Each structure stands twice: as C-alpha cells, then as structure tokens.
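Q: So you can see what is in the structure, the chains are spelled out below.
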Amino acid sequence: MAASISRRCVRHLSTFPLLNARPGYPPSLRNVEVILPRVPRITEGNEPQYPPVKPSMTSGSKAAKQARRALWIDNVRSSDTPVEMIYLLNKRQRWQEVIKPFSLQSGYGHFFRDVTKTAVVDELPENIQTLAESGQVKTEVEVLTERVIELLMVESFSIRRKKQHRIIEHKERSQSLAQNILNLLISHLGNRFPHLTDAVVDGRCQIKSFWERGERRMQFNGEPVCSVRAKEPLGLFAQTTDEVCNGDVEGWPYNPKEIGIFQNHINPVCFPGFKYQPGHLFPHTQIYGVNFDLDRAERHNIYQEIQDNFGLMAGYAWINALAMYQGYCWFQDIPRPMTAQVIYTDGNRFSFYCYQANTLDLSENGSPWNNVCFQKTSLPMFTDVKDGKVRDFNVEALKLLVAFLINSPERH
Amino acid sequence: MNGKVNKSACVCIGVIYDFKNSDRYARFLPGGPQRRVFFPDFYLKMVKPQREHPPNVVVFHCPVQMTKFDVKNYLEKIYNVPVERVNTSIPFNPIVRDHQNRRWMPRDEFKVAFVTLADGQTFKFPELFAPPASEDDDEVIDSLKEKEKKETQALASRGGLPSWFGI
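As you go down the protein sequences, you meet chains A and B in turn. Mapping of the first sequence onto the numbering used here: residues 1 to 412, in sequence order. Mapping of the second sequence onto the numbering used here: residues 1 to 167, in sequence order.
Bound-form chain A, shown alone (with noise of 0.2 Å):
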C-alpha cells in the first residue's frame, strides 16, 4: 500500500525537507519525486470505449469558444446564398479598421500590402503591354485622340463651374474627366466590342467591403467615379505556378492609429455598388477621381505614395466585394483567381493598376499564394490647356486606357 501511495506524490521544492525525512520514517515515503500516471497513446486496439468528451456551447471556457467558432465557420461554408453567407458574417458587431483606398499619413503602404497580401510591381502586365502596342487600339486611338482633345478643352473652357474651394475643385475636375472620358471611350468602343455593350455601367456608386486578416477585421469604404461589371471573368495577368504569387508579404505588426487609421464598432457592410443581384458579378475596369487634399499630399511629399498604394487597396476590395455576392469569403476561398483593372486620375495624371487576387484567405496558414498588383503610375496625359491648346498630349495614357476597356474575357 505504501508503495501505491508513493506513486501519486508529487515532488517538494522547499527550502526545507519534509518532516517525514526523519530517520523513523519508512524510506519509500522520503522526499518522493514526481510519478504521474501515463497516458496511454490512442492506437488500434486501444480506442477509448466513450466518445470524446465535446466542450458546452455556453459555458465561458477557450474550448467552448473555439467550437463556437468551428459551428459559425461550418454555417457561413454551408449557407445557400450569398446573401446568408454575408448576413452570417456581418451581424455581429466588431472592431475594425475604416479603411480608403489612400491615406494622408506617410508609410502606410506597407499595412496595404500586409493586409491584403498583395505584392506589387511597377510595370504592368505583359498581355496588357502587348495589347496596348497592338494594331487595333493603334486605329482607335488614333481617332479618339481628336475627340479626347475636345474633351479636354469642353473641361477647361465650356463647363462652367462655381468657384468652390480648391479641395472640392480639384475633385471636381478630376471625377468629371474620369467620367466623361469613360462615357467617351465606351461609346466609341462599343460597336466594336461588344463585351462593353454588355457589361453594367455603374455611376458613382459606393465601394464597402470588408475581411479578416489574422485578428485584424477590415472594412472599406471607396467612392469610384465608375464601375464596369462583367458577366465573365477577365483573364489571369500571372498564372499561381509564377514566383510573384508564391513570395512572402511582410508583416507589419505596429498599432494602426500610428499611420492614421481608426476603427469602429458597427456591423461590416459588403457593398459593391449594387443590391444583390445575380448576373454581372466579376470586375472589368473601375475608375476613381482624387477625394482627398492634394495639395496637402503634394506638399506633405506623400503623393507618390498614394498612387503607388491606391490600386492595390482598390482592386482588392472590388474584388472581394463581388466575390462574397458569389458566395466566396477568407473561409471559402475562391476556386480561381479573380482580375480586376482599376485607374486612377487627378484630373491631369494618370495611374493603371491590375490587381490579380489568388486567394481571399489570407490568415498564416491559409493559401500558400499572394495577390498581385501590377502597376504604372503617374502617368500625365498632358500637361496644361492654354491659349485655345492642349500641351504635351500623352498618347500612351489614352493607349493604354483604350487596351484597359478592350482587354476582354474572350481574348484569354
């Protein structure tokens, strides 16, 4: 019995030895060490005879939360519509942080890139460069540059616009350029290429989407001066087997409010621009004019920087706004990657970004790729309007806006 009853000691770390260390005491009992009862390893012939002990769905403990979760997981995986899938995940009320596609506070680029696991590379795609130098968009620019050059002086000289202070001036100019020239180069384009007659032209329709990465919740809110919506996919600008989209995005790991970026408690919103619809659920092209100070991001020296992150954090949330009206999330990744194609313009300068996401899941273990974003910034179309002229017109801007709205699902 002695011999039992020193097994289920346990070992004394004190300073002073136990009483039972006195010579009358029977050895086995002295200053025992630890001997815990083994576990016996689950093998073959060895399964437990009771079913596995399952953690209470109400009860405070880590277990219970965790199968919580698992249970909220399994649901959002296994809802019918998208519309359920989206209710699933926003009715709950969480931390987020309020996201635009710019910021006005330096070094915000590398929380963009970390958040949405995107790599980025300053030159675009090769399809859409061979596309741009190609004979057809040679013929149509050469026709539309006239009308283009119209455009710009009806812009400077025919509208009349009330004197306004020069922030809502500038976003003025440039959200009416990005629109009319659009308008424009839709219209043109049409008859020749009937993926535009029939895809969706959304206005100035707002942008809100929101994902998960790690314990960070994102929620974005963009204000595009135009959409255009497909029914097919655009083609693949990287194909997954290539090096950009296998890499490693750094990590930034500091508190968001240092770079200007807050957060709120509210119920996400997915939003791309339209109630649920089925039909036109893939991006084409999408627009955006400047919505912020720039002067002050002149000024400031942060205006490179804008432009180099604009279309990233763009074309990410389109992305995922239309991915989750298909019933994808970061808990049921998309099958194939999902392109999109956004430009960005102050109203003089011109920035072309095609945004490739491989995967929405986005936390450690998740997919082994990375998103993509090709870009070209700080292109200028021309360089000023006077005298009854247009200076410096860019040619190569209105190329590859022209190969932007070509480039179609067919051609892939």
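All clues given are correct.
In the BS3-like style, the derived pairs of lysine-lysine whose C-alpha atoms are separated by at most 25 Å in a straight line are:
(1) A:Lys257 / B:Lys45
(2) A:Lys257 / B:Lys68
(3) B:Lys111 / B:Lys45
(4) B:Lys72 / A:Lys257
(5) A:Lys257 / B:Lys48
(6) B:Lys45 / B:Lys72
(7) B:Lys111 / A:Lys257
(8) B:Lys124 / B:Lys72
(9) A:Lys257 / B:Lys124
(10) A:Lys208 / A:Lys231
(11) A:Lys389 / A:Lys163
(12) A:Lys386 / A:Lys399
(13) B:Lys48 / B:Lys124
(14) B:Lys68 / B:Lys45
(15) B:Lys77 / B:Lys124
None of these hints come from the bench; they were simulated from the model. Predicted model, so just to flag it, every value in this text is computed and none were measured.
Guided by the hints, dock chain B onto chain A, whose structure is given.
A: Here is chain B on its own, set in the frame of chain A:
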C-alpha cells in the same frame, strides 16, 4: 526721483511668463506684438518606447506647456532632425490630498511626444543594460539547485528547524 528714465541702464529680464505656475505662454495673433520668451523651460528627453512603434517613430518626454509646433521646431532648428509630424499625449497625473485636505501632485507632470521622422529616416532606442538571465538557462538552474542543497544540508540534522530558535 527725476522724471527721466535712463533707458540704456534698463536690462531686459527676459522671462515674461512663469511656466511652472501657468498653463500656457503668451499667444501670438497676427498684427500683435511679438512677446518673445527667452530661455523658456523647454526640454526634450528621449525615452525608451513602452510599445512597438514603426521604425521612424521616436518617443520624447517634454514639459506640458510645449506644443507640437514647439517640439517640431526644437528638433529641426537645434538638432537638424527632419520631422514629419508630432503626436502628443499627457499621461494621467493624480492629485493627492494630504492630512490637511490640501491638494498636491506627488509626481511631476510631463507630456509624451511621438515624433515621426521624415525623409525615410529611422531610429532605434539602444539597449542600455545587459538583458536579464533567462529562466531557461541550465546553468542558472543548476547553480540555484546547488545553493538550495547547501542551505538544506545545514538544517537536515535539526529536522528543518532554523538555528535562530536554538542555543
């Protein structure tokens, strides 16, 4: 006394505001007189940050009367450090009442300034002291065990009773 004042004999005292007993210094409005303050009680003390900041952020303590513009000018003009922006916060300093119900502040007040450096500069607060010995070191554990053994050996013969109680 004569009515005339010898202006050349007047000496400028300098400090108009007593920083310790006031909340702010004289405010300048365009067109008003420039009330310069010479030798103000301004200091900037660099401290080790208590949480992780991006590499271009440096943390200072400064007097509560200093504003963000003061911190920026101080660093740019005296030390030639390019500053992008300054964020400040004043930590809570409790007021205490003594046995005669008089209010006083046992600790000095200070303001924390988080300075973001410009031009891509970075700074890391240096390690001033050697890191403490970790508990996983086998050497540390062995030395502690030996110590314990020596101490207990002396007491074993007395059944664990310390010698203070003995003769």
